[in-house]
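Participant: The whole structure should be built from the sequences, with the hints applied where relevant.
Protein chains in written order, with our numbering: chain F, 1 to 349; chain L, 1 to 122; chain C, 1 to 356.
It should be emphasised that the hints constitute simulated quantities derived from the structure, not laboratory data. Don't take each hint at face value.
Claimed, not checked - Ranges of calculated distance between the beta carbons of each label pair, as one might list FRET restraints:
no., chain 1, residue 1, chain 2, residue 2, range
1, C, LYS94, L, GLY70, 57 to 63 Å
2, F, ASP243, C, GLY304, 33 to 39 Å
3, C, LYS232, L, ALA48, 40 to 46 Å
4, F, ASN156, L, LYS39, 25 to 31 Å
Ideal Cβ placement from N, Cα and C applies to all residues, glycine included.
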Amino acid sequence: MDNNYNTIIIGAGPAGMEAAYRLSVFGIRTCLLEKEAETGGHLLKWDRIFPEGRKASEILGFMRKRIESGNITTITSARIDSIRKKAGNGYEAELATNEGKKTITADTILIACGFKLFNAAKKEEYGYGIYNRVITNADLENLFKTNSTGSIIGENRTPAVGFVHCVGSRDEKAGNRHCSKVCCATAVKQAMEIKEAYPQATVYCFYMDLRMFGRHYEDMYLEAQQKYGIRFIRGRVSEVSEDCNERIVAKAEDTLSGKPVKITLDMLVLMSGIACNPDSGKITGSLSIENDSDGFIKYADSIFGQVKGPGIFTAGTCTGPKTLPETINEAGEAAAVIYGYLKGNSNNF
Amino acid sequence: MTPDINFGFGLSKSSRINLDNADNEKFRELAAREPDILKCMACGSCAASCSAGNFTELNLRKIILMLTRGAEKETVRQLESCMFCGKCILVCPRGINTRHLIKSIREIYCRPCAEPETGNGI
Amino acid sequence: MIYEGKKRIWSEYQKEIPEDNYFYVRSCIRQNFFPASEKTFLDIVRNRLGKDFFETQHHTTCGGIAYHSDAIPQETVMTIIARQFALMTEAGYKNYACSCITSFGLYTETMETWKLFPELEAKIREILWKTCHKEFRIPENLAHASDIIYKFRNMIAEKAAYRLVNVKTGKPLRVVEHIGCHYAKMFPSRGVGGAEYPYVLAGMIESWGGEVIDYPERRHCCGFGFRQYLVKANRGYSLSNTHKKFESMAPFKPDMIITNCPGCPYFMDRWQYVISELEGKTYGENGYGIPVFTYEEVAGLVLGYDPWDLGLQMHQVAVEPLLDKMGIKYDPAKKYLGENGKYIGKPQMPRFIKCC
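Facilitator: Next comes the structure, spelled out in structure tokens:
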């Protein structure tokens, strides 16, 4: 098989997979690169997706089916050793794959390298990696998937569980000034799932602002309050420690009453935010496009999106936090723009 | 304990709310009778429009909050100033029947004196 | 608790602590509170470890107490510090070691401020020249004396006469470590192990055989806090902070507390007596309190110094339960005898907390 494509797609998460599918419908030949052994990106880690709580595995299964096309060459466990503009038109990438070194070329590049979950251990005061009962949103999804919340909570059928919003988001000191957009909805979803699993649990969400911005998200909030009795405390958790029974003691301010609060918990879930993928800097660096001060790739236009650089496009969270439907939408849009570009319409944005 | 020695100072009372004790029977009874109390999102519309709130400590937003935190004493007292005018019902964006809620709070939390006492505390 | 997780954090906060050749400055209050601590420190580093520590009688207070009580402005305190640096420069030293945590914090703060505002440093140099006709170099290295004991903790362990182990049960003693706020909270990178999980005292405890207790209020202030204590009307607030710490650590049943600050051991020691008088409550075993030590005192005990030579009779909370646990020999009759066997007086028996 020859190694020339219309488009190289970097990253086979939801954005890359969806764009590959859309482009294949247009008859465009793509090479879909994934550094991990499997396609799926962060969807692999998640159990259910808000707002309806659909199974991530079903969504992923559906997306994987759609990329089974003769127009798509998927290479997993692929490392990009170099990527550059060829003399004249198009791009060239040198890859290290399970089948050895390989050079591929294409007319266009779609960057869909996604995000990195914030490393919660950086917030030392939360004790992630130090206290057994402190976990992250991704850890909890894994516990849900494997039906093993008991490994943290134990036999207690009336546990107290806390969720800390904005871990590594809206936090200049942690290097992320931005809002990660999806964590509030994720926390509310996970809080309700805990109540489903442990109807007698007391569940607290510690938030700074509740950003339930999307369609049906406010309904989730209302449901969490009314149906599940989840308690919302407006205040950021400031200190976490362990008591002599190895339960978690968390401190925060209840900013609405202006009083400090203390609570003992059986599990504390840190809502690790969406941080930029540091790998994106290597890619954009070799392609002469820019990353913003927040580390995400810079849009050429704040309204119409896309990046500066002929034949280079982006989709998904490499340009900032997005929900799954937003990512899917952007992937579809990127496919349309790439199609137009390849047909000679360079006036895309 | 009365100290033999007068140090001239003593332990200060902590203002900290211990959420471990927040769940109490009274609140559960209230939530069963007034499930809409759980819908409050602390917007403050009720407190902003309250007839009594400008002249007394009465603040329904805070009262609901403190009850969910298990701290009842300091807040229930405030309800004595309520004139039951019902302005707060008009503004609540989540449609909580706040007037009825206040009545229930008084009935459950001020049991020995369920009926409004004479004088409104203003 | 996941020990590996703490080790990972500790590895991120390692500071350079020179081997030798220090200009050493004392604390203004420690010599009254814990009279043998600094003497013991110098004896250990000079005579047991063979290091060069220089002291001068011209050293004064760093001004920290006045600064933190709003009595003097920052320029004044900086000029006092500049003068100390001039003394170090004149003595030909580059490594500055201080005994006091607030001094350490203030020196760190001053050096950082001068880095960011060189014009302020120039102004202080000018003031120092006009007032004292002195010039100074900024120390190449600033260490707190506890950093130095931390650095030599394993050498001390090798020479140990006693360990932080209960001789009757063979189990490690359970030790609360309390770090002075001004050690690393302002500049976490300047403290061994950082500010959230400091290792400076934990390292000594581990090295000398004890077990570190991590309790919920470990980061909380001891209650000293300068203004809150200095004004009598505020002392209840000081006391309440100490009370909060003891309530939090009590369920862990600590055998002892080690501190690295002048104020902390004093307040955690003396307030135990006041709490017992006010509340009738004691936190140690059998009506005793939890003994509180400076790290020098503990190093001294480990190395086999006589407890009364270490000034442990000056503590409000009796240290004997701890000495017994460690198997340290002492003469109870000599507790209140000072130099040349002179009787130094003893505390009036409190109502609740056992004294001896």
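Participant: The structure should be examined with respect to each hint, and the outcome stated for every one.
Facilitator: For each hint, the structure was consulted:
no.	hint	in the structure
1	LYS94/C - GLY70/L: 57 to 63 Å	holds, 58 Å
2	ASP243/F - GLY304/C: 33 to 39 Å	holds, 36 Å
3	LYS232/C - ALA48/L: 40 to 46 Å	holds, 43 Å
4	ASN156/F - LYS39/L: 25 to 31 Å	holds, 28 Å
When the structure is compared with the earlier hints, no violation turns up for any of them.
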